[in-house]
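Q: The chain contents come next:
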Amino acid sequence: MNMRKLVLVVAALTLVGLLGLGAEKIKAGFIYVGPIGDYGWTHAHDVARRIVDEKYDWLETVYIESVPEGEVETYIDQLVRQGCNVIFTTSFGFIDGTFAAAQRYPNVIFAHASGFKRAPNMATYMADFYQVYYLNGLMAGALTKTGKVGYVGAFPIPEVKRHISAFTIGVREVNPTAEVHVRWIYEWYNPAAAKEATEALIAEGCDVFAFTEDSPTVVQVAAERGLPSFGHYSPMYEFAPDYVVSGQLVHWEVIYDDFLVKIHEGIYTTRNLAHVDYWWLLAQGAVECAAVPAVVYCETACVSDTSCACCCGCCCEISPSMVVNPVYERALKDYTINHPAFGTISVYDLVFLRHNQFADPGITFDPFEGPVYDRKGNLVVPAGMWMSYDHLITMEWAAAGVAGPWPGEP
Amino acid sequence: MKRIGPFIVERRLAPPRHVVFGVSVLAVVVALLLAALVFWAYGVSPWRAYAEIGRGTLGTVDGLSDIVRRAIPLILCGVGLTLAFRAQFWNIGAEGQLLAGAVAASGVALFVPVPDGLRLPLMFLAGFGAGALWAVIPALLRVKLQVNEVISTLMMNYIMAYIVEWLVHGPWKGPTMRGFAYTDMFPTAARLPLIAGTRVHWPTLGVGVVAALVVGLILSRTRLGYEVRVVGQSPDAARYAGISFTVVLSLAMVISGGLAALAGVGEVAGIHWRLRSPSHISMGYGYTAIIVAWLARGSPIAAILTALLFGLIFAAGDLMKTTLGLPFQITGVFNGLILFSLISSDLLMYWRIRWRRRGEAWT
Amino acid sequence: MDLGWLVSTVSRALAFGVPLLWGTLGEIYAERSGVVNLGVEGMMILGAYAGFAVAQTLGHPGWGLLAAAAVGVVAAVWHAFLTVTLRANQYVSGLALTLFGLGLAGLLGRGWEGRPLRVPLGTITVPSLAEIPVLGPMLFVDQTILTYLGILLAVVLWVVLFRTRWGIAIRSVGESPATADSLGINVTVVRYLCVALGGLLAGVGGGYLSVAYRPSWTEGMTAGMGWIVIALTIFASWDPLQAIWGAFFFGALYHLSFRLQAYVSPELLKLMPYAFAILVLAVSGFGGARWRRRAPGSLGVPYVRGER
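Protein chains in written order, with our numbering: chain A, 1 to 410; chain B, 1 to 363; chain C, 1 to 308.
One or more hints might be untrue.
For each label pair, taking beta carbons as the anchor points, the in silico distance ranges come out as [what the hints assert, rightly or not]:
| id | chain 1 | residue 1 | chain 2 | residue 2 | range |
| --- | --- | --- | --- | --- | --- |
| 1 | A | E60 | B | L217 | 51 to 57 Å |
| 2 | B | R352 | C | L58 | 48 to 54 Å |
| 3 | B | L140 | A | G205 | 44 to 50 Å |
Keep in mind the hints are simulated off the structure, nothing from the lab.
The C-beta atom is built at its ideal place from N, Cα and C for all residues, glycine as well.
Produce the complete structure using the sequences and hints provided.
A: In structure tokens form, the structure reads like this:
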């Protein structure tokens with residue numbers, strides 16, 4: 001884990017920040033689209049907010065939850081009135097409201113998650129999972145006995161489609177005949193729908209599950225039937241310790257930390273953000289492939305004992321993150337394939353090998369490395385090529401191996 | 001008639017206006033007192049809470065404009081509903097009718113080639129038409145097939161929401177939206193002008209006020225209004241008088257649904273400038289409007305006032321979230337309390353309390 | 001369609017239909033006595049919250065369900081007080097109850113979000129019956145006790161409603177309270193009891209969601225089921241036995257909306273249950289008087305002694 005490295009870097013930055021010659025206090029406002037208890041997207045942003053809030057005494061944060069998309073400007077007005085000089089808006093739907101507010105308040109710094117509109121005082125940021133889904137896919141491909149992997153998707157938008165395709169490419173890499181069956185629930189958060197979608201997939205013979213929905217429902221339902229699954233967004237291991245194989249975890253605090261520190265140091269101002277776009281992946285530590293994240297413990301006095309992650313450069317891990325649930329270690333080690341690049345290799349080793357390739361700052365592999373064909377047989381990424389960032393964030397096609405409805409398929 | 005101590009309590013049939021008004025105000029005050037308990041339970045001083053809310057909503061231009069902006073859809077939906085409720089037609093479907101208007105307006109804004117000057121008027125027309133059509137279905141179902149309107153209108157809200165969902169995910173998904181489920185932005189000619197420095201789309205506000213006056217006139221001065229009232233008060237009498245339920249309920253719902261749809265047009269053309277997920281187009285305005293209309297006791301003019309009251313409550317809810325840091329669910333509790341106290345006070349209006357005259361007997 | 005399809009569809013229909021069945025049975029009684037309660041959604045969500053919180057605290061799902069029932073009763077009695085005693089508008093009072101319930105449950109439930117229930121209500125396998133081919137896996141495994149209790153309850157409630165003096169009293173209060181009153185039936189008491197029973201059953205329906213169906217608490221987890229209950233009540237012609245078919249039919253539709261996604265557009269499938277509710281009511285309207293679903297005569301009308 002590069003946590004230790006991160007700790008040092010952050011500690012050094014903090015020191016620089018403290019010396020930052022009377023740098024002013026920052027009051028950061030966070031605008032969330034959902035309730036902070038959703039156990040998914042909004043929850044993760046709020047956890048990150050609390051971490052950075054406790055870490056820096058020059059930082060004060062406030063948040064507003066469950067903000068309808070059309071109302072974001074009203075809330076931005078209120079935050080500015082309260083004295084916020086940095087405002088994060090955390091839903092794609094806030095894009096126009098945030099952009100308009102950025103014009104109206106040229107002295108406030110804005111950052112908008114998952115969008116593409118920028119201004120001198122408005123940056124964009126995103127922590128994306130597609131590499132993690134690919135790693136989860138490798139494991140799912142090895143664990144399925146029926147050759148059918150289930151995926152419960154929220155909305156058929158490029159972000160989710162990208163994740164399903166990356167996941168499917170992973171599944172197919174170790175299990176070339178397996179299929180990923182997809183069901184959509186058209187909601188980010190609807191436990192009942194997620195449950196019935198999972199039951200429908202189980203009835204069709206799926207025996208391993210991944211999903212995009214902001215509750216642990218899929219994990220719980222699969223576990224009731226003794227079937228493995230991959231957690232999503234927040235750690236879901238505790239909901240089914242014997243059945244959560246691994247999962248996708250996010251660390252928004254890594255991005256918030258970097259962004260706020262750079263503002264504090266005067267690197268980012270209201271005039272130079274037009275090209276600042278965080279697209280952070282495994283290499284930056286913004287996302288993690290694990291069932292349980294690392295538990296970090298501080299040895300000496302800390303500002304707080306609740307979130308002491310890297311608060312004073314004195315942390316040590318008391319337990320590293322659980323990348324693969326030990327329950328499934330044997331099965332993954334026993335499942336060996338003849339890999340075109342690595343020869344005979346167990347899936348367990350392949351997961352870590354790929355993981356290291358992603359974690360390396362000079363990433364040497366991408367799940368969508370050409371040639372990639374969509375499920376209709378069209379070549380979508382030519383041999384030897386990687387997908388451009390624009391292609392990644394707008395992709396609508398489904399990778400070969402995806403089964404089920406795919407609204408908006410080209 | 002009952003005697004309680006020195007008082008006589010007696011029933012009256014039609015409460016005078018000042019009593020209705022007085023009791024309603026009293027009910028709101030009681031609700032505020034109950035809500036104060038909730039604030040107190042959350043460790044926020046009620047005084048401070050109400051001071052902040054008062055300052056943030058009534059005390060600033062931004063706050064006032066926010067109240068008006070929230071009241072616009074409530075006025076349109078509420079005025080329409082007063083008409084339906086007068087006919088004893090329980091239209092729970094303003095939400096769906098509002099969305100129908102939003103859909104039609106978006107269709108015109110994005111896909112119909114018309115000269116710029118005509119685009120907005122056509123959007124309003126198309127919106128009214130779509131809402132009227134969507135609302136007349138439950139009226140006909142009720143008259144022809146005895147389908148309960150509470151169910152049909154409620155179910156049609158869900159159906160329309162899924163239609164909107166389907167449109168933004170499917171055929172109308174905007175090419176410039178990078179795959180996200182939104183239509184493209186409306187062209188400038190399809191956006192409503194705003195009062196400078198606010199987000200109040202004044203043309204819709206104007207339409208709402210005019211609609212209230214017109215519906216008021218319809219109810220009090222026209223044959224249709226008379227028939228609506230008869231159908232509502234005494235169906236048997238209406239039948240005896242040869243009033244056609246089909247015609248009366250259909251017309252009432254055309255107007256009711258059409259007006260709710262205009263609210264949808266205002267929201268997409270004045271606030272969002274695009275069609276998006278239904279739960280983000282309407283903050284449950286269609287449902288809140290039921291309360292608005294009911295509280296207005298069937299008077300379209302009074303609906304403007306009650307709509308403003310609920311605009312204030314919406315705005316206050318925002319403030320509770322931001323300034324007081326209370327969880328957003330408190331708005332629901334707050335609205336529920338106000339409603340409870342309003343309906344409990346209903347009975348009060350029909351009773352009169354007075355001193356017992358000396359020597360008066362009671363029966 | 002092979003048997004596997006049938007088995008899983010019926011099995012899921014039973015599991016998903018349970019809260020709908022309990023809720024509908026309750027609403028049928030309330031409406032039979034002449035009181036519409038649009039607050040089912042609110043009572044269910046309060047039941048779901050109370051059920052989870054108590055089951056989690058005391059470590060047994062049974063206590064959770066009891067608490068859910070109790071909370072449902074309290075909410076319903078409040079509705080009865082407003083509409084029967086104070087004679088407030090039943091539709092508005094119900095809407096207020098839904099609004100208030102969703103808000104209050106969300107508020108109180110903030111600390112309980114996202115935690116699995118320690119001891120959920122387990123599914124049972126009915127001995128020996130589960131061995132029957134096809135029918136066994138279809139009906140007798142993977143269900144909780146509430147599925148069977150619900151069906152039993154429907155039968156009992158039908159018998160009470162149509163074969164006992166109590167049933168006559170309830171129905172006459174709903175049809176013509178003045179007549180019932182003159183026969184010496186206490187209209188107020190009957191209505192209070194029926195509405196309270198409605199709350200009790202809706203509360204258990206909500207509790208089922210958080211204690212058995214998906215053993216954890218999440219805000220808004222009833223997701224509109226209360227409204228479907230209102231529709232089902234009419235759908236079932238205010239008849240407890242028909243409520244069984246109605247509830248499980250809706251359960252099947254919901255399951256199929258995910259099952260059939262591979263073949264039919266998902267948005268179309270999602271609006272299917274709602275369109276179906278209207279369609280069935282309309283079709284039964286076509287069929288003439290015999291098929292017509294006739295509501296209790298004084299449904300929604302407060303009773304004032306000495307009027308009418």
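Q: Using the Cβ atoms, figure out if A/E60 sits within 51 to 57 Å of B/L217.
A: 56 Å Cβ-Cβ, so the 51 to 57 Å window holds.
Q: If I claimed the Cβ atoms of B/L140 and A/G205 lie 44 to 50 Å apart, would that claim hold in this structure?
A: Cβ of B/L140 to Cβ of A/G205: about 46 Å, so the range 44 to 50 Å holds.
Q: Does the beta carbon distance between B/R352 and C/L58 stay inside 48 to 54 Å, or does it fall outside?
A: Given a distance of about 51 Å, which is inside 48 to 54 Å, the answer is holds.
Of the hints listed earlier, there is not a single one the structure fails to meet.
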